[in-house]
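*Asks:* Fit chain B to the supplied structure of chain A, relying on the hints for placement.
Protein chains in written order, with our numbering: chain A, 1 to 420; chain B, 1 to 420.
Watch out, some of these pointers could steer you wrong.
Said to hold, decoys possible - In silico DSSO-like links for lysine-lysine, alpha-carbon gap of 27 angstroms or less:
| hint | chain 1 | residue 1 | chain 2 | residue 2 |
| --- | --- | --- | --- | --- |
| 1 | A | K139 | B | K34 |
| 2 | B | K98 | A | K96 |
| 3 | A | K286 | A | K250 |
| 4 | A | K139 | A | K169 |
| 5 | A | K147 | B | K96 |
| 6 | B | K250 | A | K77 |
| 7 | B | K147 | A | K120 |
| 8 | B | K313 | B | K286 |
| 9 | B | K139 | A | K98 |
| 10 | B | K24 | A | K78 |
| 11 | B | K313 | A | K24 |
| 12 | A | K147 | B | K78 |
| 13 | A | K257 | A | K9 |
| 14 | B | K52 | B | K413 |
| 15 | A | K98 | A | K52 |
| 16 | A | K207 | A | K52 |
| 17 | A | K287 | A | K256 |
| 18 | B | K313 | B | K418 |
| 19 | A | K98 | B | K24 |
| 20 | B | K256 | A | K16 |
| 21 | A | K77 | B | K96 |
| 22 | B | K418 | A | K34 |
| 23 | A | K147 | B | K100 |
| 24 | B | K256 | B | K147 |
The set of hints was computed from the structure by calculation and includes no laboratory data.
Number of protein chains: 2
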Amino acid sequence: MRQSFLFTKTRKEAPKDEVSQNAKLLIRAGFIHKELAGVYSYLPLGLRVLEKVVGVIREEMNTIGGQEVTLTALQDKKVWETTGRWDDTVLDVWFKTKLKNDTELGLGTTHEEQLTALMKDYIASYRDLPRYVYQFQTKFRNETRAKSGIMRGREFLMKDLYSFSADQKSHDDFYEKTKQAYSRIFARLGLGDRTYVTFASGGSFSKYSHEFQTVTDAGEDSIFVDENSKVAINKEVFTDETLKSLGLSKEGFVEKKSVEVGNIFSLGTRFSDAFGLNFIASDGTKKPVIMGSYGIGPGRLMGTIVELLSDEKGIIWPLVVAPFKLHLVALFDKEDKVRVYADALYQRLTEQGMEVLYDDRDQRAGEKFADADLIGIPYRVIVSDKTIGENVLEFKNRKTGETTKISETELQKMMAKKTE
Amino acid sequence: MRQSFLFTKTRKEAPKDEVSQNAKLLIRAGFIHKELAGVYSYLPLGLRVLEKVVGVIREEMNTIGGQEVTLTALQDKKVWETTGRWDDTVLDVWFKTKLKNDTELGLGTTHEEQLTALMKDYIASYRDLPRYVYQFQTKFRNETRAKSGIMRGREFLMKDLYSFSADQKSHDDFYEKTKQAYSRIFARLGLGDRTYVTFASGGSFSKYSHEFQTVTDAGEDSIFVDENSKVAINKEVFTDETLKSLGLSKEGFVEKKSVEVGNIFSLGTRFSDAFGLNFIASDGTKKPVIMGSYGIGPGRLMGTIVELLSDEKGIIWPLVVAPFKLHLVALFDKEDKVRVYADALYQRLTEQGMEVLYDDRDQRAGEKFADADLIGIPYRVIVSDKTIGENVLEFKNRKTGETTKISETELQKMMAKKTE
Numbered sequence: 001m002r003q004s005f006l007f008t009k010t011r012k013e014a015p016k017d018e019v020s021q022n023a024k025l026l027i028r029a030g031f032i033h034k035e036l037a038g039v040y041s042y043l044p045l046g047l048r049v050l051e052k053v054v055g056v057i058r059e060e061m062n063t064i065g066g067q068e069v070t071l072t073a074l075q076d077k078k079v080w081e082t083t084g085r086w087d088d089t090v091l092d093v094w095f096k097t098k099l100k101n102d103t104e105l106g107l108g109t110t111h112e113e114q115l116t117a118l119m120k121d122y123i124a125s126y127r128d129l130p131r132y133v134y135q136f137q138t139k140f141r142n143e144t145r146a147k148s149g150i151m152r153g154r155e156f157l158m159k160d161l162y163s164f165s166a167d168q169k170s171h172d173d174f175y176e177k178t179k180q181a182y183s184r185i186f187a188r189l190g191l192g193d194r195t196y197v198t199f200a201s202g203g204s205f206s207k208y209s210h211e212f213q214t215v216t217d218a219g220e221d222s223i224f225v226d227e228n229s230k231v232a233i234n235k236e237v238f239t240d241e242t243l244k245s246l247g248l249s250k251e252g253f254v255e256k257k258s259v260e261v262g263n264i265f266s267l268g269t270r271f272s273d274a275f276g277l278n279f280i281a282s283d284g285t286k287k288p289v290i291m292g293s294y295g296i297g298p299g300r301l302m303g304t305i306v307e308l309l310s311d312e313k314g315i316i317w318p319l320v321v322a323p324f325k326l327h328l329v330a331l332f333d334k335e336d337k338v339r340v341y342a343d344a345l346y347q348r349l350t351e352q353g354m355e356v357l358y359d360d361r362d363q364r365a366g367e368k369f370a371d372a373d374l375i376g377i378p379y380r381v382i383v384s385d386k387t388i389g390e391n392v393l394e395f396k397n398r399k400t401g402e403t404t405k406i407s408e409t410e411l412q413k414m415m416a417k418k419t420e
Numbered sequence: 001m002r003q004s005f006l007f008t009k010t011r012k013e014a015p016k017d018e019v020s021q022n023a024k025l026l027i028r029a030g031f032i033h034k035e036l037a038g039v040y041s042y043l044p045l046g047l048r049v050l051e052k053v054v055g056v057i058r059e060e061m062n063t064i065g066g067q068e069v070t071l072t073a074l075q076d077k078k079v080w081e082t083t084g085r086w087d088d089t090v091l092d093v094w095f096k097t098k099l100k101n102d103t104e105l106g107l108g109t110t111h112e113e114q115l116t117a118l119m120k121d122y123i124a125s126y127r128d129l130p131r132y133v134y135q136f137q138t139k140f141r142n143e144t145r146a147k148s149g150i151m152r153g154r155e156f157l158m159k160d161l162y163s164f165s166a167d168q169k170s171h172d173d174f175y176e177k178t179k180q181a182y183s184r185i186f187a188r189l190g191l192g193d194r195t196y197v198t199f200a201s202g203g204s205f206s207k208y209s210h211e212f213q214t215v216t217d218a219g220e221d222s223i224f225v226d227e228n229s230k231v232a233i234n235k236e237v238f239t240d241e242t243l244k245s246l247g248l249s250k251e252g253f254v255e256k257k258s259v260e261v262g263n264i265f266s267l268g269t270r271f272s273d274a275f276g277l278n279f280i281a282s283d284g285t286k287k288p289v290i291m292g293s294y295g296i297g298p299g300r301l302m303g304t305i306v307e308l309l310s311d312e313k314g315i316i317w318p319l320v321v322a323p324f325k326l327h328l329v330a331l332f333d334k335e336d337k338v339r340v341y342a343d344a345l346y347q348r349l350t351e352q353g354m355e356v357l358y359d360d361r362d363q364r365a366g367e368k369f370a371d372a373d374l375i376g377i378p379y380r381v382i383v384s385d386k387t388i389g390e391n392v393l394e395f396k397n398r399k400t401g402e403t404t405k406i407s408e409t410e411l412q413k414m415m416a417k418k419t420e
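In isolation and in its complexed conformation, chain A is listed as follows:
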């Protein structure tokens, strides 16, 4: 894409009421726009990143047998009354609204109820199990405070998968599979080293759930981590009892701030009992379906990446989710020599299928470099009167700052090999 085409521009300052580092950088670089506290629009560069995060998650969900759907935001009160969660004191983040005839509706904060009701149409026999259904959908949560940028929104995209299994063994196998899929997602997004599978509070049907917590001072959670064993426990359940039940001692555990980037939860038969989601087992008996729920917020992940992988100049995207793989920065001379050269180079690279953002604006070199640092595309090629004279391209790594002179063929070879 030509940068002159892009409608967004970088800004020196973020809105004054914005306190989070991720939103400040993303707003300044033109990736998102703040509508209200906790409510952000995604602009072209931001949407490209978000879609790539979604793409990585979708691949991994499909790999473990997920089937994609899109449920609705408008929610039937009756469905939620079935589990007693319509009450604002039980679920305290409801946004509610009304039809013209005063019928109350909720805006989906999560979709266990709706999907369990739906699956009654499709699950009748053990032959219909297991099923794994997921969606990327906008959730609405009426948070009292929303100060963490896109890490905690009132309106945000969420991937939620729900599993429907015939017995505990089959459920446990899938639960473990999902845990591994989640670990692959965080590794692919460059957060693997700092993300811990964390014991957290369970529910009626499981002693613990598992959270994926990424260590960062921008997080709102606290976890205890043992770096040697890689075991982590959410502060909420970091008790002598928990340690004992896990066969661990307090020694070695250090408290850290973190953000919950994913969670997986065994639901047992809580929802299937409430809705009567039963099936006829192979022995002819009627049994309730065993369920699990598995969440990841792509926007929160994007915010977490920005918090962790940025420096004083701006963002440094991992290649896999970068809005473009290469930033071609042309420093124009007074004649059109550099422009003609850079236009042709841009065309060749895009024709080869490379995702290139081409800074073809008339701005001065300093401004272009500052903007490129802020936007954070991982690799950069600089073209100027000087590089053309030397018959080279100047190649720069955004993360290390390292600069090398290479040929166009070398550039193609290098970019083809890059994976991070």
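*Replies:* Using the frame of chain A, we list chain B on its own:
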């Protein structure tokens, strides 16, 4: 995809309260699920179709220079008060909700206000124009009645593009370009022949807007069409005055029922004046930006396709939006001969990149054929003991019912050539 993997099943009956043909067929075939009147979830087959409709629209929007964003559903009251449209008597389809501190919020019915406010950050000079910004976003409209299935929802996906131009000439050129892009979209989706560019009521800044109306008895609109000239006029403005201003006579116009599948609208400076969205022109003077808005509902289009392209047996998808291109129906014998053969064929075809739904279920032939007719994949290959014996594949066209015997190589060649 293996049909045994798909969690949905076909049904004999649609819900009793469903009156529209499109929703009845789509529910029976397992494409959508009714949550509430006018509120439908998209299941795996339905989501595949919807995403393909979106893909066609996205391509055409990118071709005319659109840049994709995603704005938010939660809307700031203040922004809407700027144009006087917060009032329920002015905009009568609001869903409204509240933050915990009682701050009122609206759920986006359309996004002129929000985007105009946003663009103030990015448009300052004639150098920043023109800009074309679009999104695919869920709209919420509190319709009193919602009886047309996915053709009129209370929650539905919408592509809305907004244009920002420096002068009337530049606006008019883009308006015309969009008109052509819209015509290409409807042609690609198989609705070209029945879809008319229709004069409809304008606003303060233009005498007429243009609607794209597809003739169908399932539509809620009425238009007058002259088949010879291909001119159409919405009944709302079919007056002597309109005919005179267009230099037409009443003769030849016939009233027809239709559905509005798209609309394009010149907004003039209504929104830019309200928000102070001005720019410095090349002559140094300050001018308001000229705007336009351009809508298409992918779900409504999908519903319209079902209304028009179905028969008594079920849906007949145009190839471009079919959930799969080919339906492989295997009629299993008592040994595993047919299964082994069909499994291998399915694997070869999918490895060649063909989108195949493989009916590998144990159901009887009659049930499989009835399901295939209902689901409506345009081309079908039947594999049985008999076809294996004859060393052929039975190839069936869903639309014409025509059946031919062909080889696997012939199948590959035919499918590669098919465009509709």
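*Asks:* Honestly, which of those hints from before does the structure not fit?
*Replies:* Numbers 3, 4, 6, 8, 11, 13, 15, 16, 17, 20 and 22, in rising order.
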